[in-house]
Structure formats: structure tokens, C-alpha cells
Amino acid sequence: MKKLINKVEDVVNDSLAGMGAAHANLLRVDLESQIVVRKNAPVQSKVGILSGGGSGHEPMHGGYVGIGMLDAACPGAIFTSPVPDQMLAATRAVNGQAGVLHIIKNYTGDVLNFEMAAELAELDGIKIESVVTNDDVAVQDSLYTAGRRGVGVTVLLEKIVGGLAETGAPLEQVAALARKVNSHGRSMGMALTACTVPAAGEPTFDLSEDEMEIGIGIHGEPGRRRLKLASAAQITEMLATPIIEDLELKAGEQVLAFVNGMGGTPLIELYIIYDSLNRILTGKNIRIVRNLIGNYITSLEMAGCSITLLRLDDEITRYWDAPVYTPALRWGM
Amino acid sequence: MTNQDIIRWLDRIADELRANTHYLTQLDSPIGDADHGTNMNRGFSAVHAKFPTMTAMDIATQLKTVGTTLVSTVGGASGPLYGTAFLRAGGAVASKQELTASDIVAMLEAFLGGIIARGKAQVGEKTMVDALTPALHAAKQELDQGASIADITAKAAAAAEEGMKATIPMLATKGRASYLAERSIGHQDPGATSSWIMLRCLAEVCSDR
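Protein chains in written order, with the numbering used here: chain A, -15 to 317; chain B, 36 to 244.
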């Protein structure tokens, strides 16, 4: 294992400390409680937007704390859900008396820990709404799985509901938009390489030079199928087709296209994927009217990408375009 | 079984989880996210650090302290699952100064009940439940036949080990391994393995008494 770390057990803390130092104008890092909080939190009469999950997906979630997106993030150990204590501390820190929205990616650990945290916060008299993202079309949503995983849509959702919350909208409306965004988006990912969790010291799976994993999640877990490596155009087709079918996208519809890198893939390759995606969608007369390309929800140093398509309507587009100023996403201000 | 035996049991679990950290994480790599050993070790190290304040507690308070400590430190699914299990186990032995054979079985039943209530898994889904359910059945059978605490816990641990091995050919339908569908077959479930370790430690402490 070759990594830029000090001690394996200090990876998350050391990184949070750096983040706090780098972005002191936007956020503060509470190392004691292991939370990242918007600098001026709680914003009175604004719904607090809180997300959390394992570390190793940077910039998600801490990099999205700031103006117009998250009010707080709870980073767990690498690929491990944070614990209810963190979520409760963060909930209290962002409660501006308008309630708090918990954004949870659908993984058993995250769901169970947030469930316990919401129970505790409600005992404090804080109004909580929870939204679980589950946009990964690689997983069948059936009795035989823990349900679809929450992946790329989470980033888009955090931005969009953060934009609405900034206007002072009530909790119910913010939660309703969050559920709409989740239902409008689907994703699928692939890996060219595995990644190495520092504490494990070795790659989470073996993948030979000429192989790839299709249908991966974001925790270094293997995917649904292992195939021979294909061209970028073919890979884009494999990822985009199930998304388009699942969303039942029709000619004339408008989408946001999100090409995400898994952490170890350079932008030059992500733009090749975007080019293919653009051709596929144009061929179906589906219009990409917004896009996002880069490493936004990652699996450490894994090479690979994911594609997310989000069906746009006026409301979603408006809050996507709304000003945002966070370490990792900033525009409009 | 006294509150000092509970401390011995927890101490043994902490030792075994430390020794098996890498093993559990390795089991978790192909079908999970390579963190089960690290997480469990972190949780029981935190429990271990609380021993000075725990030795004077009654058994129920000790078990509840383990529960809240695991919830606060483990993360992942295992934190809420084992946390709820220990909280319920504590609830089942409220105000007992010493646990009889039937108390221990009641404690195990509540432990399993907590995991099922929180995780909603059933037998055959490749989870902790697959080690703990046969263990509880075995313990109940032994209790009905008037067996000693040592025999009850030994049979429970043996049944848990079989249950754990039986997860190898299973198709996972709960938790992160379920994302792999048929590719989860052929791997031993890490959660069932840590459950077996806990019951094995219980049996060892009870046979030493």
C-alpha cells in the first residue's frame, strides 16, 4: 500500500483537520464530535440540511458544506457509516428551529444509524425528515437485495435541496423536493481498478489488466458483472442504456448529465465518456441542458466512472442553478 | 454467572476481536466493504476502556453500557445491530445479581431478538442471524434437558459455528453482500463470524468458571 498518510488510524482526522484549515471561511470542523458544520450554523428559520456517510468518497459530503448546499456532514471511518452520536451532534448544531433534513444513502449501516439518530433527535424536540437516496440501477430493487444503493444522485440532490432550503422553505417542502429529485435520477458505475482501504492495506478485490467491473457501488465492493475491458463508447452504452430504460426517458425530455470519476480516473477520460453519452442522448433526442463532470462521489483511488441522469423540470433546474459556495461546488456567487 | 463473569466474557471478546481484526476484514472484502474487523475491534476496544467503571455495575447495566458504547463507536450496520442486541440482552436480565441457566438463554434470546428487530433479517439471508438462531435453538434444547451453563453455552457456540459455516453457500439477500447476488455465494459471512466469536467466548468463560 502506497498512500500519502501519516498513521492508518489518523487518516480521517488528519484529512478533516486539513479541510477545516483550508476552508475556515465556509465551515468549521469539530474533531471531537467528528462533524463538519457550516460556519454560521445554525441559520435561524432555515431547514438544516445534513448528510453523512463513510469517508473515502471525497469531496462528498464534507466538501459540500457551505452556502446553498449542506449545513453539516458526518464523516464515518472509511467506507463505514458514521454513528448516531455524530448525527445527533450535527443535527443539534444546524437546527435553526425549522427542522432538519437527513439525506441518507441507501446502505444498511447508514440507514440503521440515521434511524437511531432521528429517534434521539426527536426526543430533543427537533423535527426530522429523512430522505433515502436509491438511484443505482445496477441493483435490482427486490426482496432479494437491501434495495438500490444511493450513489450519484445524492450529490445532485444535496445541491438542489440546499438551494431550496436557502430560500427559507419549510421542512415538508424541502423533503418533498428531495424525494422528487431522488425519483427523477438514476445512476450506474463501473471500475477499472479496485481501491485499497488504508486499514485493510490491500485492494478490496482483484481485477486483472484486461478486466472491468460493471455495476459497482462506491465502497470498493465488486460490481454485478466482471467483463473484458471495452472501449469508452461501449462502456458508456452499458451504463447509459439501463438508466435511460429505467427512467423511461422519452424524446424531447431534458436531463442533467453527470459523469463522475471514481477518484483515480483523469478528466481527459471522463470527457471521452461525456462525448459518448452526449452522442447517445442526442441520438434519442434527449437534451442535456445541464451537466456536471468530475470527481464528486469517489471510492478512494479507484479508477472508473459512474453516469447519472436526472430528469429536469422547472423546479429542479431552478434550484440546481441557484447560487452555491462550498469547497467542491461553487457558482452564481 | 456473575457481573465479574460478564467482564471476563467481554474481555475475551475484546481479545479475540483484536486477534481476528484482519481475518474479519478479509472475510468482508470480497462481499462487503472491508471494514468489519476494524469496526468491531474499535467498538470492543472502547468497551474495554470502560471496564474500570463497569466492574461495579450490575449485569443489566453492564450489558446496556456495552450496547450504547457499540452504537457510539462501531458505525456501519454492525454498530446498531450489536448495540441493539446488547441493550435488549441487558433488558432481559434486569435486576439479576447472578444469571441462572435460564437467564442466560433469555439473554441470548433477547440478543438475537434485538438484531432481528433492528436489521429485519430472517434465517437464510447470510447474516448474523444465521449463526445466532441455531445457537439459541441449541441452548434452549440443552436448557430443557437440564444441562449446566457450561454445556448450554458450549452447545450454543458449536451450533453458531455450524450456522456460520452454513452461510458459505448462501445467497445474500440482506446487507451489502446482497448487491453481489449470486457472487455472494462461496463466502463466509463476516457478521455470522463475529457472532460466533462472541458465543465461543461466552462458552469459554462459562467452562472456566
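Everything labelled a hint here was simulated from the structure, so no lab data went into it. Some clues are possibly wrong.
Counterexamples of contact, computed for chain B against chain A with all Cβ distances above 12 Å [to be verified]: (1) Asn38; (2) Ser64; (3) Asp70; (4) Lys99; (5) Ala129; (6) Ala193; (7) Arg211; (8) Arg218.
Using 20 Å as the maximum straight-line C-alpha spacing, the simulated SDA-like pairs for lysine to any residue come out as follows [to be verified]: (9) B/Lys155 with A/Tyr309; (10) B/Lys155 with A/Glu16; (11) B/Lys200 with B/Asn55; (12) B/Lys99 with A/Lys(-14); (13) A/Lys23 with A/Tyr309; (14) B/Lys99 with A/Glu99; (15) B/Lys155 with A/Gly131; (16) A/Lys(-14) with B/Asn55; (17) B/Lys99 with A/Leu104; (18) B/Lys85 with A/Gly131; (19) B/Lys99 with A/Gln124; (20) B/Lys155 with A/Glu103; (21) B/Lys155 with A/Gln124; (22) B/Lys155 with A/Lys(-14).
Note that CB positions come from ideal geometry on N, CA and C, so glycine has one too.
Hints versus structure:
1. Asn38: Label holds. Min Cβ-Cβ 26 Å, cutoff 12 Å.
2. Ser64: 5 Å, violated
3. Asp70: 5 Å, violated
4. Lys99: Answer for B/Lys99: holds, closest chain A Cβ roughly 15 Å.
5. Ala129: 21 Å, holds
6. Ala193: The claim holds: B/Ala193 sits with its nearest Cβ about 28 Å from chain A, beyond 12 Å.
7. Arg211: 6 Å, violated
8. Arg218: 7 Å, violated
9. B/Lys155 with A/Tyr309: 40 Å, violated
10. B/Lys155 with A/Glu16: 33 Å, violated
11. B/Lys200 with B/Asn55: OK: B/Lys200 and B/Asn55 at ~17 Å, within 20 Å.
12. B/Lys99 with A/Lys(-14): 41 Å, violated
13. A/Lys23 with A/Tyr309: This hinted pair holds, its Cα atoms lying about 12 Å apart.
14. B/Lys99 with A/Glu99: 19 Å, holds
15. B/Lys155 with A/Gly131: 13 Å, holds
16. A/Lys(-14) with B/Asn55: Status violated; Cα separation ~24 Å.
17. B/Lys99 with A/Leu104: OK: B/Lys99 and A/Leu104 at ~16 Å, within 20 Å.
18. B/Lys85 with A/Gly131: 37 Å, violated
19. B/Lys99 with A/Gln124: Status violated; Cα separation ~38 Å.
20. B/Lys155 with A/Glu103: It holds: about 18 Å lies between the C-alpha atoms, which stays within 20 Å.
21. B/Lys155 with A/Gln124: 19 Å, holds
22. B/Lys155 with A/Lys(-14): Roughly 40 Å separates the two Cα atoms, so the pair is violated.
When held up to the earlier numbered hints, the structure conflicts with 2, 3, 7, 8, 9, 10, 12, 16, 18, 19, 22 and fits the remainder.
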